Amino acid sequence: MPRRRSASRRAERALAASGVLALVTAAAATGLAPVSSSASSHREAPLIAGDPRADNTDVYAFTSPDKPDTVTLVANWLPFQEPNGGPNFYPFAEDARYNIKIDADGDGKPDTTYTWEFTDHVRDDADQFLYNTGVVKSVNDETLNFRQTYSLKVTDSSGNTKTLLKDSPVAPSNVGKASMPDYASLRKEAVVPLPGGGTTFAGQASDPFFLDLRIFDLLYGGDLSETGHNTLAGYNINTLAVQVPKSTLALKGDAKRNPVIGVWSTTDRRGADVTGAGGKGGEDTSAQAADDGKATAKDGNADEWRQVSRLGNPLVNEVVVPLKFKDAFNALSPEKDATITPVVDKVKDPIVPKLIQNIYKVPAPATPRNDLVEIFLTGICKECGPIKADLNSQRLNQDVDKAAVVPAEMLRLNMSVPPAAKPNRLGVLGKDLAGFPNGRRLNDDVVDIELQALEGAAQTGKIVPALAAGDAVDTPYREPGDSFPYVALPNTAAVNQADSLHPDGGVGAGLGGLVSDDGFPVAPATALGGGALLAIAGVLALRRRRGAGQA
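The working numbering applies: residue 64 is where the sequence shown begins, and numbers increase by one.
I should point out that these hints are in silico values taken from the structure, not numbers from a laboratory. None of the hints are false.
Using 30 Å as the maximum straight-line C-alpha spacing, the simulated DSBU-like pairs for lysine-lysine come out as follows:
{"#": "1", "residue 1": "LYS315", "residue 2": "LYS445"}
{"#": "2", "residue 1": "LYS494", "residue 2": "LYS424"}
{"#": "3", "residue 1": "LYS411", "residue 2": "LYS494"}
None of the values given here were measured: they were computed from a predicted structure.
Could you build the full structure based on these sequences and the hints that come with them?
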């Protein structure tokens, strides 16, 4: 934010002490061991990178294209699943709670929370190490040695909880063709109806997120010709999805008067007993803790559930939140977001445009970036900021108490916008109001959209020409399906194709994104030079000579 004296600035300073204290306390309560971070919403903060089964990766919210009277919410966990990662593969955690939360009135607190809890079942743990002991034809097949079930509960804004499902089946990890020759039928068994209307799913899927993660190598070092490799091609993810009537989520049950909702996902683990580095215990002031970026609170209540991961809008924690606040952001509730001045500062004065200006000489838009405040914190409405359109702020709900609406980071969806007949991957920037940042569909190119938004395109309504190609990865590795749960079936081919490459490394690894496996459609390769195409042709010819049966 600009360094000037104003009533709003003084108010923010008054909130700073309590906000930073909340941030630091949240960091101290995570109870995770710090390790190095990677990128994207996958492994986006140091602590959660060490607990992948609790790591939220992406959230999607959209009006169901084949059932437009319903809305579909999808949340993913446990990133970078190598398909051949046996023998234990990729279960959900038994000692965690997985949540999708919905805020209908804009106060940053959930009005509806769906909570999944999982139970492991092992048929023979004394004489077997295998995930499955034969061909698996059903989610309850005797040959499936390891399987999971779950309970699903829904909680309202008053804390009243109702159990919707018990002992429902989870679709197993896709071990491969020999073990699960008809995986699609196993997926169907894990699509379960909800009492009173709706459907849910829990299981593995091909990761729908798509991007070239080399963007974090100093934005390709100034050479945009190096874009175009989908780093997530071939990897799987664990998915939770729910499809319910719009009235189930709308304020006062009226989706016509109150169509806008905010959505985010979280993971909870039990308890914490963490003292921050530096040996200061719990005596540090909030100002000191914010200054050195260390969590210093201590709480030994092992029975209390603690939020350890959080995901609303894509890429916020990765490219907006500064490093020393990333872990704490994961443990914070959205209603406290506006009190965290160091984080709000980076929304109004983001880092990425400065990097682009330094590397590509594209001028950074002037600050403060109140357009980004609309996109990430308030939703878009004419009275919210400089983007003069009414789209997806909860302030647009007719029965909302506007005095209670607070800036809060969440994915906002206006459920009254019908599905697009011809979806545009750039969503609202592509004049498709059914796409991101109005909710998020599985094909929305959020990397290119957010890159353009950071460069000011949401204010001007015009694409920045110098960055129009984005990361040159425009579609998911596998196309989503036409019906719930929409996510594509999981991959079985090894992501690492090194055994098919020359030992001198003449062809880069990771060709899983360039060739299909299991007969499923995959996105075509993009931005490849002639030399790369010749090398790939050589690899494919070598595979044919070897009689390889799988890409």
